[in-house]
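Going line by line, the protein sequences match chains A and B.
Counted from 1, the first sequence has number 38 at position 38 by the numbering used here; the numbering is strictly sequential.
Counted from 1, the second sequence has number 194 at position 194 by the numbering used here; the numbering is strictly sequential.
Simulated from the structure, these hints should not be mistaken for laboratory data.
Ideal Cβ positions, reconstructed from N, Cα and C, are used throughout, including at glycine.
A portion of the hints provided could be inaccurate.
[As the list claims (entries may be wrong)] Only pairs whose alpha carbons sit at most 30 angstroms apart, straight line, appear in this in silico DSS-like list of lysine-lysine:
#, chain 1, residue 1, chain 2, residue 2
1, A, K185, A, K212
2, A, K116, B, K55
3, A, K22, B, K56
4, A, K22, A, K7
5, A, K122, B, K165
6, B, K179, A, K104
[As the list claims (entries may be wrong)] According to the in silico footprint, chain B covers these stretches of chain A (three or more CB under 8 angstroms from chain B):
#, segment
7, 95-101
8, 111-117
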Amino acid sequence: MADPVLKLRGVCKRFGALEVLKGIDLDVQKGEVVCILGPSGSGKSTLLRCVNLLEPPEEGEILLETQDICKGPGSGTGEQSWELDFVRQRVGMVFQQFNLFPHKTVLENVTMAPEKVLGRSKGEAREKGTALLERVGLGDKLAQYPERLSGGQQQRVAIARALAMEPHVMLFDEVTSALDPELVKEVLDTMRELASEGMTMLVVTHEIGFAKEVGDQVVFMDGGVIVEQGLPSEVLENPKEERTKQFLGLVLDR
Amino acid sequence: MSQFFNQYFNFDVMREHFGEVLVGFLQNLLVFAVAAVLALALGLFLALLRQLPGKKLMPIRFLTIAYIDFFRAVPILIIILMISGGVPFLSFLPQEVRIPHWFGRPDPFWYGVAALVIVYGAFSAEVYRAGIEAVPRGQMEAARSLGMSHFQAMRHVVVPQGVTKIPAPMLNELISLLKDTTLVSVIALSESVLVSREVLSERLNSSSLTLTAIFFVIIILPLARVVDKLIARQQLKVTRGSHIEVA
Chain A
1 MADPVLKLRG
11 VCKRFGALEV
21 LKGIDLDVQK
31 GEVVCILGPS
41 GSGKSTLLRC
51 VNLLEPPEEG
61 EILLETQDIC
71 KGPGSGTGEQ
81 SWELDFVRQR
91 VGMVFQQFNL
101 FPHKTVLENV
111 TMAPEKVLGR
121 SKGEAREKGT
131 ALLERVGLGD
141 KLAQYPERLS
151 GGQQQRVAIA
161 RALAMEPHVM
171 LFDEVTSALD
181 PELVKEVLDT
191 MRELASEGMT
201 MLVVTHEIGF
211 AKEVGDQVVF
221 MDGGVIVEQG
231 LPSEVLENPK
241 EERTKQFLGL
251 VLDR
Chain B
1 MSQFFNQYFN
11 FDVMREHFGE
21 VLVGFLQNLL
31 VFAVAAVLAL
41 ALGLFLALLR
51 QLPGKKLMPI
61 RFLTIAYIDF
71 FRAVPILIII
81 LMISGGVPFL
91 SFLPQEVRIP
101 HWFGRPDPFW
111 YGVAALVIVY
121 GAFSAEVYRA
131 GIEAVPRGQM
141 EAARSLGMSH
151 FQAMRHVVVP
161 QGVTKIPAPM
171 LNELISLLKD
181 TTLVSVIALS
191 ESVLVSREVL
201 SERLNSSSLT
211 LTAIFFVIII
221 LPLARVVDKL
231 IARQQLKVTR
241 GSHIEVA
């Protein structure tokens, strides 16, 4: 098998005395969709934030396209470093709370980073941004401000904004958790489409159905460790670990 | 009672010295205008220094906080006196800095401006900081996750949103600044208070000071109303829930 796009070995993260990640090993192949499940506080969001160095891990290594991104000076939050540029130009992230820029129009949200970071011309960035927004079904909202959009629409803008940087890997951090139930589907559909086009995706989610259908790999986390991982059919339908069974029982019971 | 009115509201004195006091007041406005622009710029610069990320830049953050705390605590009058009484004797400085006469303004003008900028830079830095810190953390994270540097994220995402939250408190600082321009009278800048005091000692009548006070009220009252309006508008925005982000 080819080298994984993303390879985590013994990743540990602490917040003061609190150990949030206790040695995570994970391989993600190109084009794979990895769904991460687990109760709140299990460290799944922190894991995503480690991968794009919003929270640099204290120990372990994270290899992105065979480059170790945790080594070297200045990978701390907010600082400038070679690793940060390398990671953030290859890894896109979508947040639970959308985090769209409220003072910019929908199109400007999407074109800002390509213009400022990649140095694209305004025309080029707008053309590509428009195409991306059409792709997520928001071609008619270009000049709107985010606050005028529904949560589902906002989240699709956030996906288009991340895609505008042409990432190799996309991270989704509970992107449907803040949405009204009837808006969840449109966001999941967008992600489905993205997956079918071969995007490598790391998806923290509570949508078991999505994980079953789209996931190539399912990871169940609890207490800062990976409890169980494997094919969706194995982990979700035939869990071996007691904790996984318990969690799935609770989630599917709803 | 008529004695009281004669002392403070002698219209003859006001009329006779109206011109001088007005010219003095224009001097206040000029000091204010120059100091306000520079203080707002310095304040933003200090606020940005204070927000610099990472462990390595801790000394810079620390020094910035020390500056801001110190100059918010020291009376402006002391700063004015220390600059006008000290800078002229710092012989390592070039002549045009020690005794500045830029743009045809006398040296007390520039000493006063310098003192006000140093102090109000510190005050406005705190106002900017309140605005910057009111922007949800997710905004910085989103910008950073898109590959923007800390500086780019500040410039294009955080600061533009932060400054929309602070016009009211900033205007309050500017009102204080305008009033504090009268302190420059102690180093013999012919602004309205100094002119009025000269009239006072010449005529043994305080009406010129009353006139000066009226000038300030005329300028500042509408500004205070603007502050009220801005606060009301901000309140409306918040209660309407136009900010969707949940912190």
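### Query
Given the hint that K22(A) pairs with K56(B), does the C-alpha gap stay at or below 30 angstroms?
Satisfied, since the Cα-Cα distance of roughly 27 angstroms is no more than 30 angstroms.
**Study point:** 30 angstroms Cα cutoff - pair K116(A), K55(B)
**Key:** Holds - the C-alpha atoms of K55(B) and K116(A) are around 26 angstroms apart, at most 30 angstroms.
Q.
Check the hint pairing K179(B) with K104(A) against an upper bound of 30 angstroms on the C-alpha distance.
A. Since the Cα atoms of K179(B) and K104(A) sit roughly 37 angstroms apart, the hinted pair is violated (cutoff 30 angstroms).
- Message: At least three residues with a C-beta closer than 8 angstroms to a C-beta of chain B: is that true for the segment 111-117 of chain A?
- Response: holds (count 4)
inquiry  = Against the 30 angstroms threshold, does the CA-CA distance of K22(A) and K7(A) hold or violate the hint?
reply    = 16 angstroms, holds
message: Using a Cβ cutoff of 8 angstroms, are there at least 3 residues of the segment 95-101 of chain A near chain B, or does the coverage claim fail?
response: Per the Cβ count (6), the hint holds.
* Starting from K122(A), check that the Cα of K165(B) is at most 30 angstroms away, please. => 29 angstroms, holds
Q) Taken at face value, is the distance from the CA of K212(A) to the CA of K185(A) at most 30 angstroms? A) 15 angstroms, holds
In summary, the structure is inconsistent with hint 6 from the numbered list given earlier, while agreeing with all the others.
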